[in-house]
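Student: Chain residues, written in single-letter form:
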Amino acid sequence: MAPPGTAPEKPDRTPDSKEGGLGLDSASQDAGLDCERLLSLFRCMVRIRAFEEHAHKEFLKGEMPGFLHLYSGEEAIAAGVMDTLEDDDYIVTSHRGHGHLLARGSDPKRMFAELFGRVDGYCRGKGGSMHIADMSRGFLGANGIVGAAVNIGTGAAFAAKYRGEKRVSVSFFGDASTNRGTFHEALNLAAIWELPAVYVCENNFYGSANYQSDYMKLKDIADRAASYGFPGVVVDGNDVLAVRAAAVEAVTRARSGGGPTLIECKTWRHWGHFIGDMARYRDPAEHEAWLKRDPIPSFKAKLLAWGVASENELAQIEEAAEAEMDEAVAYGKASPFPPVSELTAGVYKEDRP
Amino acid sequence: MRTLSYMQAIAEALILEMRRDPHIYIAGEDVGKFGGAFGVTGPVFKEFGPTRVLDTPISETAIIGHAVGAAAAGLRPVVEILFMDFLPIATDELCNQAAKIHYMFGGQVSCPLVVRTAIGAGMGAAAHHSQSLEAWVCHIPGLKTVAPATPADAKGLLISAIRDDNPVVFLEHKMLYATKGEVPEGDYTIPLGKAEIKQEGKDVTLICYSAMVRQCLAAGALLEKDGIGAEVLDLRTLVPLDKEAILSSVAKTGRAVIVHEACRTGGFGGEIAAVIAEEGFATLKAPVKRVCGPDTPVPFSPVLEAEFIVSAPKIAEAAKSLL
Ligand SMILES: Cc1ncc(C[n+]2csc(CCOP(=O)(O)OP(=O)(O)O)c2C)c(N)n1
Ligand SMILES: [Mg+2]
Chain A
1 MAPPGTAPEK PDRTPDSKEG GLGLDSASQD AGLDCERLLS LFRCMVRIRA
51 FEEHAHKEFL KGEMPGFLHL YSGEEAIAAG VMDTLEDDDY IVTSHRGHGH
101 LLARGSDPKR MFAELFGRVD GYCRGKGGSM HIADMSRGFL GANGIVGAAV
151 NIGTGAAFAA KYRGEKRVSV SFFGDASTNR GTFHEALNLA AIWELPAVYV
201 CENNFYGSAN YQSDYMKLKD IADRAASYGF PGVVVDGNDV LAVRAAAVEA
251 VTRARSGGGP TLIECKTWRH WGHFIGDMAR YRDPAEHEAW LKRDPIPSFK
301 AKLLAWGVAS ENELAQIEEA AEAEMDEAVA YGKASPFPPV SELTAGVYKE
351 DRP
Chain B
1 MRTLSYMQAI AEALILEMRR DPHIYIAGED VGKFGGAFGV TGPVFKEFGP
51 TRVLDTPISE TAIIGHAVGA AAAGLRPVVE ILFMDFLPIA TDELCNQAAK
101 IHYMFGGQVS CPLVVRTAIG AGMGAAAHHS QSLEAWVCHI PGLKTVAPAT
151 PADAKGLLIS AIRDDNPVVF LEHKMLYATK GEVPEGDYTI PLGKAEIKQE
201 GKDVTLICYS AMVRQCLAAG ALLEKDGIGA EVLDLRTLVP LDKEAILSSV
251 AKTGRAVIVH EACRTGGFGG EIAAVIAEEG FATLKAPVKR VCGPDTPVPF
301 SPVLEAEFIV SAPKIAEAAK SLL
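So the protein lines, in turn, are chains A and B. Going by this note's numbering, the residue at position 228 of the first sequence is 228; the numbering climbs one at a time, nothing skipped. Going by this note's numbering, the residue at position 283 of the second sequence is 283; the numbering climbs one at a time, nothing skipped.
Only chain B is shown next, with the shape it has when bound in the complex (with noise of 0.2 Å):
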């Protein structure tokens, strides 16, 4: 099968189904003449043009205020905020406007919207540019919450996304964007609330997801040494939850250390923890590890910022405080 990066998946997936839907466009800041801020919409700009791939004033508000306008009049938009440390300066047009029409108006609008958004630390950005806020937005009934690891995840899942008729923020890691995977050609989609084992293992369930899936992927490695079977689960999305892909198999291996970068107080991990306690607690044989950022902003100096991103010797290091 042939390689493609996960910008590169991301793109063909916007290209796919704008061939396919005209009602859907894109909006953002430099995401169309400039190719995107990290370059994930030069080639869907390259295709359609400034008429469905619209540069927007630096106005995050209207950003996505308009889009859930546009989405309840009979568009599809996908917009882009930058980073998704800048989501939060609409959070009013996404947490009670995107979220809420479609219950508050007793069914009558549906909102298909779709957010796609830069998230996590490593890029010496600092705390305006580095943050994990998956939480704030899996709190809010009514949005749905998509983290791909894998390009060809990002592709199917971004399919799902455009073709939910729900808003959905979609968290791309741009640390993730210049790695590479398999991914099919064509049309095909991923279905939101459906987890993925990306390893197998007996012995310990290391739940993840985004970036933190290749670190446990590389934790998994280091506990194989150890003669210690981890198994890899990456949610892919955190809302709707996979309640039963963490459940069984926690029920398998008796284990689960959750592993986000975001922080950890209020963090996405809790809510994980919470559903193996109330749902899975007599088959566990350890309590539940979380293994997270630091309760702090990301910091800007080098060797602080690769202190707060969770690193794989950290999870193992966990996995192996339960056995």
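Chain A extracted, bound-state conformation (with noise of 0.2 Å):
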């Protein structure tokens, strides 16, 4: 065995290769959705795509304090699971949680609002983008603190049976997350208790500026779901069809009592890890390999070959999505920054009506 912490040899990581490929079949199946469900699908990718290059646009501008993840790439993963969910199920995400947002139907200016660091944002632009949450879509938060999401998703799930209710609550986290030990501890407390929660693992391949094999010993990441007893699927994350298929299975087995899932979406973060960081660390080759199954051009293919809908029609749906984020940002920079007293109110409930 190489020392611990020995670069290991270069392999070939290209999506397609053996190494770094999917291992799967990614042709879509036809879900038997109709025309409006696989539009609405590529609407809200496409408007998870617009938000984050304006969120980054702004960004680069300085107009926006903090750190910045983006989720662009990583569209289908969002779209595909929160199609199949119900408006009181629960949600809970990382630091990547943009998408999540937005598919779940929260509104862009106040997202933008939030991110500006202004009063109308969801959080009174006290948790920025890093903790963005939504509790009137049961959104249960982004999170500063990778791997505590899990606990917390988990907890709901919990909740929910816990009042015999037909709740089903999805945590979304990254592929290096799984190494907390947070992970293990969630993922054996809800398979013990049955509870209705799905797992949902958007593998990008890196935490931060570490490849998969860096930090871990498996390819698959749904391994992991055999030493907690329940099922484990991995998916083309790229593919919005195939991520909502996993879904809908798991979603229904959370639903109907029949414990959790892990899904594992192998996907790409277009960008580094947080805006700033140049990904240097990355092959430019897988890099380029994987930019060309970008999960919004694909499926726009897809939806032109079925005769979904005409280029113009598609066409409309992108413009829409860049004049409501134009739209959303000049919301968010048009709200007021919070009143200073609102830095000591609310630290306790009784601090606010």
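Because the hints were derived from the structure by calculation, they are not lab data. Be aware that one or more of the hints could be misleading.
Claimed, not checked - The calculated DSBU-like cross-link candidates involving lysine-lysine, where the alpha carbons are at most 35 Å apart (straight line), are:
hint : chain 1 : residue 1 : chain 2 : residue 2
1    : B       : K33       : A       : K61
2    : A       : K57       : B       : K243
3    : A       : K57       : B       : K100
4    : A       : K349      : A       : K333
5    : B       : K314      : A       : K217
6    : A       : K349      : B       : K314
7    : A       : K333      : B       : K243
8    : A       : K219      : B       : K46
9    : B       : K180      : A       : K61
10   : B       : K180      : A       : K292
Stated by the list, open to error - Which stretches of chain B does chain A cover? Using the computed rule of at least three CB atoms under 8 Å from a CB of chain A, they are:
hint : region
11   : 28-38
12   : 126-137
Claimed, not checked - Every beta carbon over 10 Å from chain B, so not counted as near; a handful from chain A, in silico:
hint : residue
13   : S227
14   : A245
15   : G259
16   : E313
17   : A334
Please read these numbers as outputs of a predicted model, since none were measured by experiment. Even glycine gets a Cβ: it sits at the ideal position worked out from N, Cα and C.
Two chains, each in its own frame: build the complex with the hints.
Tutor: So, in structure tokens, the structure goes:
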């Protein structure tokens, strides 16, 4: 064995190679969805991309404080999973959570206000990108602590089961977060309590600058489910219909009392870990190959091939998303900063009516 | 003398110590290939490579936990927890294991371990990446806590921390990383438990550490305009605490303002105030004052974060209220 920490030999990890490959048949199954549903999946992904591109631009202008972790490239996961949920289901996510909020129906205006630290943001400007939440949609928040959300998502699943409700709790998290002890503890608890939980691992192959094989010996994170005694599945995370199909199965199992599922979605983040990280640690060939698997153009091509919509109709969806996000940015910037009194308000519930 | 940044000074201390002692290794998230989240360990990785500068998974409990075992077995780990906000994840490993094994096992083993971690607000990083939790670790007997304010102190104190046979929590304020100062060449140590007067004054003592030393020096300049002489006492180490230095400065000025960025309630300032009250009460001409962060999480919004962080005018105002 190589001494710990020794860099491995460099394998070919482009998505279609044996080493880095998905090992999946990524041909989408026709899920029997009607045109409206297919278009809404497309719209969802396009809106997330537009949001992230706008956020990126504003961040580079220096108008957004803090850290910005973009979801670009991973849109198919949020879109595909969220499409299978009911309005009263619960969701938690990590530091890379904008896409999940948007897919859940949160208002990009209030999201931008939050990202700019303004009073009209979902958290009154006190959370920012990394700690954004929308309780009106069962969205228990993004999280700055890697690995913290899975416990919270597990607890929400417990609450649903305890009250005898048919609600499901979905936790989104990154590949590298599964090395936190919390991941093991949360999933084991969910297993023995047979909780209505769905664990969605967004495997973009990197935990900040480290490739998956640098920090775990497993190839498929879904295999971890075996150690908790519930199903784990691998899907092409850039194929919205494949993600959706896996989510339908997992959500149905959870809702009907069948317990948790771990879904591993293999995907790719288009940018660095955060904006400012140039991602020089990535192999350009691998990056290029993954960019060709961008979930949006590939789904667009399918919609066209299937005659779901015309070029023109899809272009209109894209333009509408652009316009919506322009407006949302403007709203966010126009919102005032919170009053200084907000600093000490709301530490405890009784501080505020 | 040459000038280094706080960050470079820390890297230099690590490199010098690692050249001297092969038992020293570094482990943490992104410390190797990536060069450290703040860029501190880049030059160390360059010299020592992945066998002595080890990238770990996102596993804070294992980062500190394994280091306790490695230290007990004879190595001298210097581990990094990216942000002090993540340190509570490894509370058992640090507070129940590292801190106690020497005492609990009757002195049979020691735990020469350094945990480097970044503290402080100022980056818009909000509630989970901005805290100063030094009071938590200061409460645990068996741990030492160091919080340097200048590049020269950072280097000398880190070398001492590495040579210490006890677990030391070494707090690096992220807003200080880019600050520069003169740093002596080569090997030197600054003893743990020795405060330093960063500016002499006769009217009031500003007791501080870490990033607040800069704010206190700025407050001193403001006070000077009003003819008030502020003595800026940089504690540098919180445990062990240089009580002598605190008491003798307060005996000279008769007034004490204690300044820290961390929240007020249960903050380390309370301990300093108690020391003055118990052992220096007779020398006081006015009540002891604390200027601290408010009892809130660190907010994201830049206007709120700016209000959270103790500023020089607030310190100066507090000092004036004692005169
Ligand atoms: C407990 C904890 N440790 C470390 C970090 C710093 N950190 C933030 S994101 C990240 C990488 C996360 O990787 P992954 O889980 O794969 O999610 P991705 O960023 O790829 O979406 C790290 C190390 C943190 N925020 N919290
Ligand atoms: Mg990842």
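Student: Hint by hint, note whether the structure agrees.
Tutor: Here is how each hint holds up against the structure:
{"no.": "1", "hint": "B:K33 - A:K61", "result": "29 Å, holds"}
{"no.": "2", "hint": "A:K57 - B:K243", "result": "52 Å, violated"}
{"no.": "3", "hint": "A:K57 - B:K100", "result": "50 Å, violated"}
{"no.": "4", "hint": "A:K349 - A:K333", "result": "28 Å, holds"}
{"no.": "5", "hint": "B:K314 - A:K217", "result": "53 Å, violated"}
{"no.": "6", "hint": "A:K349 - B:K314", "result": "29 Å, holds"}
{"no.": "7", "hint": "A:K333 - B:K243", "result": "50 Å, violated"}
{"no.": "8", "hint": "A:K219 - B:K46", "result": "29 Å, holds"}
{"no.": "9", "hint": "B:K180 - A:K61", "result": "27 Å, holds"}
{"no.": "10", "hint": "B:K180 - A:K292", "result": "45 Å, violated"}
{"no.": "11", "hint": "28-38", "result": "holds (count 6)"}
{"no.": "12", "hint": "126-137", "result": "holds (count 4)"}
{"no.": "13", "hint": "S227", "result": "16 Å, holds"}
{"no.": "14", "hint": "A245", "result": "30 Å, holds"}
{"no.": "15", "hint": "G259", "result": "26 Å, holds"}
{"no.": "16", "hint": "E313", "result": "39 Å, holds"}
{"no.": "17", "hint": "A334", "result": "15 Å, holds"}
When the structure is compared with the earlier hints, violations turn up for hints 2, 3, 5, 7 and 10 and for no others.
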